[in-house]
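S.K.: Line by line, the protein sequences give chains C and E.
All the letters of the first sequence, read from the start, carry residue numbers 1 to 307 under this note's numbering.
All the letters of the second sequence, read from the start, carry residue numbers 308 to 565 under this note's numbering.
Hints are computed from structural coordinates only; laboratory data are not their basis.
Check before you lean on any hint, since a few could be wrong.
[Stated by the list, open to error] Derived pair list, reagent style DSBU-like, types lysine-lysine, alpha-carbon separation capped at 30 Å: (1) Lys132(C) / Lys401(E); (2) Lys157(C) / Lys401(E); (3) Lys145(C) / Lys157(C); (4) Lys22(C) / Lys401(E); (5) Lys138(C) / Lys401(E).
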Amino acid sequence: MFFLSAYDIDTQGLTKSFGDLKAVDGITLQVGKGECYGVLGPNGAGKTTTIKMIHGAVRRDGGRLNVLGMDGTSHSREIRERMGLVPQEDTLDNELTVYDNLWVFANYFGISRRQSRPRIEELLDFVQLRDKWDSQIKTLSGGMKRRLLIARALIHKPQLLVLDEPTTGLDPQARHLVWQRLRELRRQGLTILMTTHYMEEAAQLCDRIGVMDGGRFLVEGAPRDLVRERVGEEVLELRGVEKEEVSGALDGLAIDAEQAGDTLYLYCTNGAPVMERLMAAGKRDFLRRPATLEDLFLRLTGRELRE
Amino acid sequence: MIRRDLIPTHRALRVWVRHLIQYRSFYLAEWAGNFGEHFLYLLAFGYGLGRLVPSLNGLSYAQFIGPGLVVSIAMWTSSYESTFGAYSRMRIQKTYEAMLSAPLSVGDIVLGDLLWCATRALIGSILMMIVLMIFGLIGSFWAVAVLPIIFLEGLMFGSLGLIAAGLAPNFSFFSFHFSVVVMPMFFFAGTFFPLKGLPPWMQAFSEMLPLTHAVRIVRGLIIYGHADSFVWHLSILAGCTIVFMMAACAAVSRRLVD
Ligand SMILES: Nc1ncnc2c1ncn2[C@@H]1O[C@H](COP(=O)(O)OP(=O)(O)OP(=O)(O)O)[C@@H](O)[C@H]1O
Ligand SMILES: [Mg+2]
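Next up, chain E with everything else stripped away, as it sits in the complex:
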């Protein structure tokens, strides 16, 4: 039987509001920093490294890698927030303990945190898209349709991060999370190079990574304004997100309720 306190309610928004209030105190500095970072990334990879890369299906390397960076940034942001951020709230700051003495449940806390992870992922990606726009790398008005996809991706990586935060005995555990979950997706989801032409086993591995599907949708939408096999990729993302979210609820509950 599913415990009632694991089922999220609308009260998750109250958790999200708490994170937003806290964010107020440092967001400007962070935005400025992110913006600069994204700019450098695109210059270094897109134009620096890009000079060595032949055109890919008629795309310049900067065009190719831009959407990949949008997706990666969402992954990194959400992963940081849900591991280091959530762990500190759970174990060090006792923020969750306070929430549990108010009428919030474990489910509310998990969903609230995930909404927040997704929000930050979205902000990071939007900043990257602004950079892409400045470089003229956005090919279609339909690029705005990536925003809900990025949000979903944020929820997914937030869930994976919360699972790690629930299992982690200490902060060092997260280097494991980043090397086993985040880095492989960063490198092998088709962000930096096309998967076509790779050895079959590598291609099969990449197909299994949920991020690969996010990259395909986002690249399609940003460059051409539509994505092939959209429903298929979206279903995989949504399916993974739901499964990971349930696991995150269980993992966090283990930590919060004796």
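Pulled out of the complex, with its shape left as it was, chain C reads as follows:
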């Protein structure tokens, strides 16, 4: 049952409930060959559940799921043979050394010990853990474990790499290393699906992103385009200012204003005229900056904490 599809991941109406809770609510997600797609969304949005359905650890309640041209239910094993997964939670084998972790995992794919050896060395270099090859997992730092998980996910040269929050908990150096590696993999033609809570990460790496909340996608598109369309080009942040205080001064300008706590956010295409008006109205305490993905994210999903 092979379908000729332009997409390496192709879902339609994908649904999963846990009891009364609709964790994933009929999503359509299409990731093209060689594309890097990022899923953003607050805690509990349904990102991990979506990923688990893709590799078969969670059975979907409904919808169509096609991965690498194969049906997600009937060909789950064949799909996993050709995709790599970096799970959100560390699933390294704590009872084995770094090297044994990789070769035991290679063996799960039917790769012999002799065949796997050069590959393991190459991957340990790739994630800069070569000198740790004989270490016990519990002696590794959190960032080293994340890197090792990435190496493990690549052991069988997958066509599709799925990463669930690959850089959570990493220091800036380690994060930049992971970004470089992911860009390198993308150049090699790998299709990548990732989730992240770091907007900069999504902006740097992803061709397209989707913002998820409550089990649905709110918007989808190229990060720059989305920000431009939904937020604007520039943001002005005014601390300790109420909306009403400046609404008169800003009359007639095409801007979106949003109050959050003690801060007023003004979203606009061009910040210069807005700035002039504010100065004229005697408001000098503001910050002018380019609009970012974070603005988009917060505008879409609100500023309240999720539980």
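Fit chain E with the ligands to the supplied structure of chain C, relying on the hints for placement.
M.R.: What follows is chain E with the ligands alone, placed relative to chain C:
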């Protein structure tokens, strides 16, 4: 309809290899410990307690109890590995979760674990048989034929343990498994005393325990080199094993796949 992912394949061996690799790091200490333990067991029960016991059908108590210990050790080893060991791999270490992100299925994982339980049971029993040999308690070359029986017994108790591991909400649940499943078989399967002459209801109870049948085969083979009603006992062991294995697959799957 049976789900495809519950049917084990040859890939179960890859799971077994993982356990073997992990075992490499501690097996020597364990063997030494087991060997010493078995030795003490036989001395205490066979010769210490044995002095008080009259000869049983012409057998000394040590001769009688030796094969029983071989069978019990297999049961205990396999039960520990499949309850505490498997639960920790399933719920704490997330070893199974990693396997499921590779091309292994629930069926492969269950069979791989069972093969491993049986392997460890076999190792424990072989160590006990070496002790028996040292004491001159092995009566026939055909004692080697107990090895596949012990392996089968290991699979059976591994399956029972995995069922418990699949159902267990936490580690304390296993004390229930050990007191309801393992201990009754330990005491009433004819390991420590002959079943003949017990009250009829106790005999009937013992006949229902699968371990009783393993004890009979193993005792026969170790002492005399053959076992009466071999096919009957073997069929019961094999039948129970198959049923328990299927239940184990279902129980583990419940835990691993949402
Ligand atoms: N096994 C489960 N049983 C019950 N509810 C679950 C289960 N797994 C997830 N959920 C619920 O489904 C919803 C989506 O969870 P999911 O893990 O997919 O979120 P997420 O987007 O990955 O969040 P995070 O950013 O915190 O990782 C949450 O409300 C969560 O509580
Ligand atoms: Mg998640």
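S.K.: Tell me the hint numbers this structure goes against, listed in increasing order.
M.R.: none
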